[in-house]
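If you count by the working numbering, then the sequence shown holds residues 4 to 132, one letter each, in order.
Errors might be hidden in some of the hints.
Here are the simulated DSBU-like pairs of lysine-lysine, each with C-alpha atoms no more than 30 Å apart in a straight line [stated by the list, open to error]:
#, residue 1, residue 2
1, Lys67, Lys82
2, Lys82, Lys36
3, Lys82, Lys27
4, Lys39, Lys67
5, Lys55, Lys67
6, Lys32, Lys67
7, Lys82, Lys32
To be clear, the hints were calculated from the coordinates, so they are not data collected in a lab.
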Amino acid sequence: MQQQRVKTIVDIMTQSDYFIEDPKNYDQKTSGKRWKDESVNTLMEKFLISLKSVEEWSEEAIEKSLRNLAESEELSPGKIIHPTRLALTGVPVGPSLYLLMEMLGEEICFRRIQAALNRLPLLEGEDSA
4 MQQQRVKTIV DIMTQSDYFI EDPKNYDQKT SGKRWKDESV NTLMEKFLIS LKSVEEWSEE
64 AIEKSLRNLA ESEELSPGKI IHPTRLALTG VPVGPSLYLL MEMLGEEICF RRIQAALNRL
124 PLLEGEDSA
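Required output: the full structure, derived from the provided sequences and hints.
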């Protein structure tokens, strides 16, 4: 899942800590670009509602939920994918979002997205800590 970016055991620990713990901070550059205003909060709240209707928490069902929402909102899927990845990991890159969400599980995904909703968007110059 991370094989293209991971070269050493240290890389595994530093690039995959989001599998073990919730993000403490959000990448400031990414949050400024991908979660720049309250409209993203509204979209993420809609995504949470959409996810609650997923019957089987699987990569395929999560992707379908996201794509259906993007289509209904007349947005590209990336407008949901990028803020979701930021909420779940705190960083802009990583493994397939849908696989990541399946592996983290429903409870962790909901908790992390809700935590991001409570903390983002960052005000200019504000630290995400």
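The hints, checked one at a time:
{"no.": "1", "hint": "Lys67 / Lys82", "verdict": "holds, 15 Å"}
{"no.": "2", "hint": "Lys82 / Lys36", "verdict": "holds, 11 Å"}
{"no.": "3", "hint": "Lys82 / Lys27", "verdict": "holds, 23 Å"}
{"no.": "4", "hint": "Lys39 / Lys67", "verdict": "holds, 25 Å"}
{"no.": "5", "hint": "Lys55 / Lys67", "verdict": "holds, 13 Å"}
{"no.": "6", "hint": "Lys32 / Lys67", "verdict": "holds, 28 Å"}
{"no.": "7", "hint": "Lys82 / Lys32", "verdict": "holds, 16 Å"}
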